[in-house]
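**Q** Listed below, chain by chain, are the residues.
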Amino acid sequence: MPIIINLDVMLAKRKMRSNRLAQLIGITEQNLSILKNGRAKAVRLSTLEAICKHLNCQPGDILEFQEE
Amino acid sequence: MYKLKKTSHKIRLFLETIFYLAPIVTALFWIFFNTLSKAGMVQMPVPLHLIHLTAFTTLLAFGISLLPLGVAMFALHQLITVFKNYEKGQIFCLENAKCYRKLGFSFFAWVISGLITQPLLSLALTLANPPGEHLRMITLSFNGGDFATLLVGGIVIIISWVMMEGHKLAEEQAHTV
Numbered sequence: 425m426p427i428i429i430n431l432d433v434m435l436a437k438r439k440m441r442s443n444r445l446a447q448l449i450g451i452t453e454q455n456l457s458i459l460k461n462g463r464a465k466a467v468r469l470s471t472l473e474a475i476c477k478h479l480n481c482q483p484g485d486i487l488e489f490q491e492e
Numbered sequence: 430m431y432k433l434k435k436t437s438h439k440i441r442l443f444l445e446t447i448f449y450l451a452p453i454v455t456a457l458f459w460i461f462f463n464t465l466s467k468a469g470m471v472q473m474p475v476p477l478h479l480i481h482l483t484a485f486t487t488l489l490a491f492g493i494s495l496l497p498l499g500v501a502m503f504a505l506h507q508l509i510t511v512f513k514n515y516e517k518g519q520i521f522c523l524e525n526a527k528c529y530r531k532l533g534f535s536f537f538a539w540v541i542s543g544l545i546t547q548p549l550l551s552l553a554l555t556l557a558n559p560p561g562e563h564l565r566m567i568t569l570s571f572n573g574g575d576f577a578t579l580l581v582g583g584i585v586i587i588i589s590w591v592m593m594e595g596h597k598l599a600e601e602q603a604h605t606v
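From first to last, the protein sequence lines stand for chains E and H. One point on numbering: in this note's numbering, the residue at position 1 of the first sequence is 425, and numbering is uninterrupted. One point on numbering: in this note's numbering, the residue at position 3 of the second sequence is 432, and numbering is uninterrupted.
Just chain H, same shape as in the assembly:
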C-alpha cells in the first residue's frame, strides 16, 4: 500500500501541474501563433498560408479552443481526485468509481468538442482574410483517432462499473466482523 500511496502522490502532482499549465500554454500558443506557425510547429484545420490573424480573431480562436481545453481539464480533475483518494489508501471508494465514469464520458466529450471546435476554428481563422481572399472555410473530420478515443471512453466506463462492484465488495468486507 505504501508504494501505491507514494506513486499516487507523484502522479497527482504531475497531473496538477498539467492542469494549471494547460490554460496558460493554450493562451501562449495563440499569442505566439504567428511565430510558431513560421517555425512549422502548428497544425491547423486550414492551410497556414490562408490564415490572417488579427487581435479579434486570435481572441476568438482562443475562446473556441477553451471548449476542448475545458473537457481536458475536467478529465484531469477526475484523475487528480482519483489519485488523491489513492494517496489516502481509498482504492475502492464510491467517489473513485464515479470519477472513472465521468472520465469515460470525458473521452466522448473530447471527440464531440473536436467536431464542434474544428469547423468553428477553421471559420474563425479565415474570418479576417482581406478582400479578394475571402476564403471562409469550414472543415470537419472524423478519423481513426477519434474512433479509438470513443472506444477508450467506452472501456473506461466499463472499468467504472467494475470499480463500483469493487466498492460494494469493499463495503461488505469493511462490515464483516
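Next comes chain E alone, as it looks inside the complex:
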C-alpha cells in the first residue's frame, strides 16, 4: 500500500505503549493494531487528530507516501 503508517516509530519516540495510546484516543487496541499493521482502509480525521494530540506530532510524522 502506498501510504505507510509510522505509528510504531512515534510510539517508540514518545515512549508510549499501544494500549495506552488506544485508551487515550478512545479506540480499541484491536483497531489501533489494524492501523499499525497497515491493514486500515481509512482513518477518520478525528482519530488522526487524537493521535497527533497525544503523541505531540504532525500527521506527516505518522503518514508517509511511498510510490509502489
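Keep in mind the hints are simulated off the structure, nothing from the lab. Hints are not guaranteed to be accurate.
Stated by the list, open to error - With beta-carbon atoms standing in for the labels, derived distance ranges:
1) 601(H) / 481(E): 53 to 61 Å
2) 432(E) / 503(H): 46 to 54 Å
3) 503(H) / 441(E): 17 to 25 Å
4) 426(E) / 588(H): 29 to 37 Å
5) 463(E) / 445(H): 32 to 40 Å
6) 581(H) / 492(E): 43 to 51 Å
7) 445(H) / 473(E): 43 to 51 Å
8) 523(H) / 457(E): 38 to 46 Å
9) 490(E) / 436(H): 46 to 54 Å
10) 484(E) / 503(H): 18 to 26 Å
Stated by the list, open to error - Straight-line distance between alpha carbons at most 16 Å, and here's what the computed EDC-like set of lysine to aspartate or glutamate pairs gives:
11) 465(E) / 601(H)
12) 465(E) / 600(H)
13) 527(H) / 445(H)
14) 465(E) / 488(E)
15) 460(E) / 432(E)
16) 435(H) / 516(H)
Stated by the list, open to error - Residues from chain E shown here face chain H by an in silico Cβ test under 10 Å; the list is partial:
17) 443
18) 468
19) 472
Backbone N, C-alpha and C fix where the C-beta goes; we use that ideal spot for every residue, glycine too.
On the provided structure of chain E, position chain H as indicated by the hints.
**A** Only chain H this time, still in chain E's reference frame:
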C-alpha cells in the same frame, strides 16, 4: 441486535425442524398414499382412479420425489446457514451473500425439478396399471405459480448482489479506524 439474534435463533430451529422432517414426511406420504388418496388429501398429475401403486412403483415414485425434495432441502440449508450467522451477529458477511445467491438459484432449480418430476411421476404412477388399463400418461405443465417462483428467484439473486455490496461496506467500516 439482541432482538435480531433471538428471533434468528427461533427461526433457525424452526427451519432445522422442517429440514429433518421433510424426508420423513415424504416417505410417510408414499407409504400411506392409498389412505391419503381415499381421504381426498392427495393431488397428483394423473387422475387418482388411474393410479395402481405396487411396492415397486411406490419406491419409484418416492425416488422421483427425492429430486424436488433435494432442492427444497438445499434451499433450507442455505436459510439455516444465514440465520446461524445472524445469531452470531454476522449480518453482512460474504457467506450470507453467497447463501442468498444459492437460495435464488434454488427457486430456479425448484421449477426445473418440477418440470422433470411431473412427467416422470405421472409415468411411474401408471406404470403398474393392469392389462387393459395400460394408460401410461405423461403430463407436463408450466403455470403462473412456476412463473412467480422464477420471478422470486430472480429477486432473491438481486438481493444477494445488494448483500455483497453491504459486505464490502461492512468490511470497509471494520477497517476504518
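**Q** All hints, please: hold or fail.
**A** A quick look at each hint next to the structure:
The hinted range of 53 to 61 Å is not satisfied by residue 601(H) and residue 481(E), whose Cβ atoms lie roughly 27 Å apart. Taking the beta carbon of each, residue 432(E) and residue 503(H) are about 49 Å apart, inside 46 to 54 Å as hinted. Residue 503(H) and residue 441(E) have their C-beta atoms about 51 Å apart, which leaves the hinted 17 to 25 Å range violated. Our hint of 29 to 37 Å for residue 426(E) and residue 588(H) holds, since their Cβ atoms are close to 36 Å apart.
The hinted range of 32 to 40 Å is satisfied by residue 463(E) and residue 445(H), whose Cβ atoms lie roughly 36 Å apart. Against the hinted window of 43 to 51 Å, the Cβ-Cβ separation of residue 581(H) and residue 492(E) comes to about 46 Å, which satisfies the hint. At about 49 Å, the beta-carbon gap between residue 445(H) and residue 473(E) stays in the expected band of 43 to 51 Å. Separation of residue 523(H) from residue 457(E) is about 22 Å and departs from the stated range, judged on CB atoms against 38 to 46 Å.
Hint check: residue 490(E) to residue 436(H), Cβ distance near 49 Å, so the stated range 46 to 54 Å holds. For residue 484(E) and residue 503(H), the Cβ-Cβ distance of about 55 Å falls outside the hinted range of 18 to 26 Å, so the restraint is violated. Of the supplied pair hints, the one linking residue 465(E) and residue 601(H) holds, its CA atoms being roughly 6 Å apart against a limit of 16 Å. Annotation: proposed proximity of residue 465(E) to residue 600(H) holds, straight-line Cα distance about 9 Å (limit 16 Å).
A threshold of 16 Å between alpha carbons decides the hint, and for residue 527(H) with residue 445(H) the separation of about 19 Å lies outside it, so the pair is violated. Of the pairs offered as hints, the one joining residue 465(E) and residue 488(E) holds, with about 15 Å between alpha carbons and a cut-off of 16 Å not exceeded. For the hint pairing residue 460(E) with residue 432(E), the CA-to-CA distance comes to about 7 Å; that is within 16 Å, so the pair holds. For the proposed pair residue 435(H) and residue 516(H), the alpha carbon gap of about 7 Å is at most 16 Å, so the pair holds.
About 15 Å separates the beta-carbon of residue 443(E) from the nearest beta-carbon of chain H, more than 10 Å, and the hint is not met. For residue 468(E), the interface hint holds, the least distance from its beta-carbon to any beta-carbon of chain H being 7 Å, beneath 10 Å. Evaluation of the residue 472(E) hint against chain H yields a held restraint, the C-beta minimum of about 9 Å falling below 10 Å.
Against the hints set out earlier in the document, violations occur for numbers 1, 3, 8, 10, 13 and 17.
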